[in-house]
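Visitor: Please take these sequences and the hints and turn them into a complete structure.
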Amino acid sequence: MSVGLYFLLATSCMILTGYLSFLFIVKPRMRKIYARIDSEEPPETDTEFFTGELYRVEGRQVLIIPEGCELSVSSIKIRRHSGALIIYPKGKTWADYPELQAADADFLIERPDVIADRDK
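Residue numbers (UniProt numbering): 1 to 120.
Read the hints as simulated data drawn from the structure, not as lab findings. Cβ atoms here follow ideal geometry from the backbone N, Cα and C, with glycine treated the same way. Treat the hints with care, as some may be off.
[As the list claims (entries may be wrong)] Pairs of lysine to any residue residues, derived as SDA-like cross-links and limited to a Cα-Cα distance of at most 25 Å, are as follows:
(1) K90 <-> V73
(2) K90 <-> T51
(3) K90 <-> R111
(4) K92 <-> E110
[As the list claims (entries may be wrong)] For each label pair, taking beta carbons as the anchor points, the in silico distance ranges come out as:
(5) L63 <-> F22: 38 to 44 Å
(6) S75 <-> E53: 19 to 25 Å
(7) V114 <-> F22: 30 to 36 Å
Guide: Now the structure itself:
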């Protein structure tokens, strides 16, 4: 057999292996994912959906959050997931605690070792 024939045989085997992997591994997983997305049931049984309103103001979209969904923060994080927007309240940073005083300059300069050396 010539080198070209071996190359053709090896290429055919790789293509067949890829197709069979797609057919028996990837495609069934995709079916499960799409079946879960297309189902009429909400993803979580305790989730209640509310209807808000979207307006366009000066080229931006403004979301009016309905009663019962108000957030107690002034800033939010938004994540896009599969064509949906998920809104999270933005966590506090150290700047949100102005009543806390800064630590002294000598804070924790001398401190005991918490983890003992294993080599000793």
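Visitor: Take the hints in turn and mark each one as holding or not.
Guide: We went through each hint and held it up to the structure:
| no. | hint | result |
| --- | --- | --- |
| 1 | K90 <-> V73 | holds (7 Å) |
| 2 | K90 <-> T51 | holds (22 Å) |
| 3 | K90 <-> R111 | violated (34 Å) |
| 4 | K92 <-> E110 | violated (30 Å) |
| 5 | L63 <-> F22: 38 to 44 Å | holds (40 Å) |
| 6 | S75 <-> E53: 19 to 25 Å | holds (21 Å) |
| 7 | V114 <-> F22: 30 to 36 Å | violated (52 Å) |
Hints 3, 4 and 7, counting from the list given before, are not met by this structure.
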